[in-house]
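Chains as they are written, first to last, in this note's numbering: chain A, 112 to 528; chain B, 112 to 528.
Rather than coming from a laboratory, the hints here were simulated on the basis of the structure.
There's no promise every hint is true.
You can't tell identical chains apart in this list, so a pair holds if it fits in one copy or across any two.
[What the hints assert, rightly or not] Think about it this way: if two alpha-carbon atoms lie no more than 20 Å apart in a straight line, the pair counts; the simulated SDA-like pairs of lysine to any residue are:
#: 1; residue 1: 222; residue 2: 207
#: 2; residue 1: 222; residue 2: 236
#: 3; residue 1: 308; residue 2: 446
#: 4; residue 1: 222; residue 2: 204
#: 5; residue 1: 222; residue 2: 511
#: 6; residue 1: 308; residue 2: 128
#: 7; residue 1: 222; residue 2: 488
#: 8; residue 1: 222; residue 2: 467
#: 9; residue 1: 222; residue 2: 490
#: 10; residue 1: 308; residue 2: 135
#: 11; residue 1: 308; residue 2: 326
#: 12; residue 1: 222; residue 2: 487
#: 13; residue 1: 308; residue 2: 318
#: 14; residue 1: 222; residue 2: 208
#: 15; residue 1: 308; residue 2: 206
#: 16; residue 1: 222; residue 2: 469
#: 17; residue 1: 308; residue 2: 119
#: 18; residue 1: 222; residue 2: 523
#: 19; residue 1: 308; residue 2: 469
#: 20; residue 1: 308; residue 2: 284
#: 21; residue 1: 222; residue 2: 135
#: 22; residue 1: 308; residue 2: 421
Protein chains: 2
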Amino acid sequence: MPVAHNTALDDRLARARVASRALPSADRDAALRAIADALERHAGGIVEANVRDVEAERARGTAAALVDRLSLDRSRVRAVAEGCRQVADLPDPLGRVSAGWRLANGLRVRKVTVPFGVIGMIYESRPNVTVDAAALAVKAGSAAVLRGSSNALASNRALVEVMRSALTSAGLPGDAVQLIDSPDRALVTELLEARGKIDLVIPRGGAGLIRHVVERARVPVIETGVGNCHVYVHAAADLDDAGAIVMNAKLQRPGVCNAVETLLVDAAVAERFLPPLAGRLRDAGVELRGCERTLGLVPDAAPATEADWGTEYLDLILAVKVVDGLDEALAHIARYGTQHSEAIVTGELAAAERFRQEVDAAAVYVNASTRFTDGFAFGFGAEIGISTQKLHARGPMGLAEIVTYKYLVDGEGQVRD
Amino acid sequence: MPVAHNTALDDRLARARVASRALPSADRDAALRAIADALERHAGGIVEANVRDVEAERARGTAAALVDRLSLDRSRVRAVAEGCRQVADLPDPLGRVSAGWRLANGLRVRKVTVPFGVIGMIYESRPNVTVDAAALAVKAGSAAVLRGSSNALASNRALVEVMRSALTSAGLPGDAVQLIDSPDRALVTELLEARGKIDLVIPRGGAGLIRHVVERARVPVIETGVGNCHVYVHAAADLDDAGAIVMNAKLQRPGVCNAVETLLVDAAVAERFLPPLAGRLRDAGVELRGCERTLGLVPDAAPATEADWGTEYLDLILAVKVVDGLDEALAHIARYGTQHSEAIVTGELAAAERFRQEVDAAAVYVNASTRFTDGFAFGFGAEIGISTQKLHARGPMGLAEIVTYKYLVDGEGQVRD
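Pulled out of the complex, with its shape left as it was, chain A reads as follows (with noise of 0.2 Å):
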């Protein structure tokens, strides 16, 4: 490895390894619900890290919406110590028998969840995300080594010091939540490198984030997140719906991963449906960047570039493209998808069906909102992440997703012929 040798890091990675074996045995709950206290209880102290956070951000010019999301007040750290009590309710994610068989000669073989070990996390801005992920790796019985974006660093130091000494005062080690507070950017890489010093990485953040883990990582990482998600609106839809499918989509949360970026619409009811629709979404404030079909039947639309069709917007932008059928709505997503969510808005069986078998996606929706693409939605109670690899997760990943398995094999001294 070409990258310098850091003791710190390794010291680091070490001290997490040996924390992570108490975990498993331990009473991850318990600690779980002794962190939340303890946000609640110093959450004037972590406010007022926050507060240095925010004041330099806002010194920097940044955007008042991305300041909002690093601003911390006492009912946001109240929102976090809930979260990680809902963690601790659910069931152990460890020691679940997934399978089990005998052989023929009598050997038993079970298949069970154990942890990771050390799950690294890197992610930008939010710092609720450095609590979230804390809790759910330490109940999946992994330690989390977390680096969080330089313009949270108070903040965070501020919420990991609260967790590893209420980790500590539940009797299980502080090092199993580290937090790497240098702003020096080799140590990222230096972690992308550290095999079998770390199990797993999940970067959370933009497209430049996710790019930059995966094209340095030596060690195996999931990658979540760029959600270019399509609604197909087909001749055989119920408008209805459709409409009230694409306004949801587009407008209940644009700055999320499964927002909806594109609308194809079936050129057979593209007159009936896009001329109303676009007068709603103008008046929600949304700009369409519509084909030349589009821009035909919605005058005010501005034309498509190329890039439209790959772009995830994230805000208040939607591209439309009208399609003549099915088969072309389906070489568009596999050609501009990210095979995140996608939706068809359907009255006919053929098409819903074919639409599932074909779309290569984490979620495929027959007649519903992308936005359900989430581990709360789905029902998984939280949620660290959203993949959009095929490797070993794939969506919303919840607690049953941040654990590895092994094969117990139990016999009386059987050997092979």
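Please build the complex by placing chain B on the supplied structure of chain A, with the hints as guidance.
Just chain B now, kept in the frame of chain A:
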């Protein structure tokens, strides 16, 4: 990406992608049987091609055992064809609903197995892997892009040609199986960086190959194979069982990853156990490399160096260490093991349970040989490799491990609040 764009490879991967889309709904089992029949029908030509590889290898002065691994006679071709038929007989791994539930808002969620799409295999030497890997990939609904070693190139070309024309004759696209048959190493690097064009790469071969793949890959990888496996003979072991397990784990097939490489013997039984076992091992041609205490009991053993504890010999060599109880055995395995297969021989319940809990490995054995860690022994019917990573698949990988899943969500116009 710093690598020059190679149109030929890009074109192949694009054709593999298109071919893969036809597989899930095709009669893949009939195609596999057609491949098996064609391999037998063309056995003469395949053996002829193989002779060219074998002769070139002999001319290079390669050791007879390695040349044997490379060679295919008619009976080996028949065995390879039979393997294809066995894969055809296995249950379809696609379309399995592994979970399904209803949300409070009425949405129905199903988690369904689906193909990866395009699977790359990078492997060494034995040409039977060419057919095994292609058959498993096709059965799992994915196109296979194969890169064997250059010394098997003529054999692999012949095998792939037969498979491709058999696929075509069965009505499936021949492009579902492709061989990268240029010796240009840069193609491997490009394959490993073909994000979005290849969904999974599985390297199978020596430690050097695996390391190269892991270091260069920007696409998802499942690491396979390196096994520095231990058998720990506990103080409460049945020593007859222990002897039989060690002999089997070392000798039944010394060149494979689940063979034992280091024997750990509890000090309490070392004097009774080691000298007679050493005699049997010596008679079987095994070279012993012992710690100091071992040398005291087995004077003709060679002294083990630090390197011995970390070496996967894949040969008739066994490292031996006397340990003071379970703690030292666990610490040794944690330090030197490769998380593959680890065994304890004991009659004591508490020792067995601590070993199961604390050893971090794909397969943990109580009173059985480590040699059982493979897809056939585990009852998977076939295997594409043995994973030594924790992400996605651990231990033997059969058909169930080379598919992924998607969520299908069905509604009647549901939107998110």
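Status of each hint after checking the structure:
no., hint, result
1, 222 - 207, "both (8 Å within a copy, 19 Å between copies)"
2, 222 - 236, "neither (38 Å within a copy, 32 Å between copies)"
3, 308 - 446, "between (38 Å within a copy, 12 Å between copies)"
4, 222 - 204, "both (13 Å within a copy, 18 Å between copies)"
5, 222 - 511, "both (14 Å within a copy, 13 Å between copies)"
6, 308 - 128, "within (7 Å within a copy, 36 Å between copies)"
7, 222 - 488, "between (28 Å within a copy, 15 Å between copies)"
8, 222 - 467, "between (31 Å within a copy, 12 Å between copies)"
9, 222 - 490, "between (24 Å within a copy, 13 Å between copies)"
10, 308 - 135, "within (18 Å within a copy, 39 Å between copies)"
11, 308 - 326, "both (19 Å within a copy, 16 Å between copies)"
12, 222 - 487, "between (27 Å within a copy, 16 Å between copies)"
13, 308 - 318, "between (26 Å within a copy, 18 Å between copies)"
14, 222 - 208, "both (6 Å within a copy, 19 Å between copies)"
15, 308 - 206, "neither (23 Å within a copy, 37 Å between copies)"
16, 222 - 469, "between (32 Å within a copy, 15 Å between copies)"
17, 308 - 119, "within (13 Å within a copy, 39 Å between copies)"
18, 222 - 523, "within (19 Å within a copy, 38 Å between copies)"
19, 308 - 469, "between (39 Å within a copy, 17 Å between copies)"
20, 308 - 284, "within (18 Å within a copy, 44 Å between copies)"
21, 222 - 135, "within (17 Å within a copy, 28 Å between copies)"
22, 308 - 421, "between (37 Å within a copy, 16 Å between copies)"
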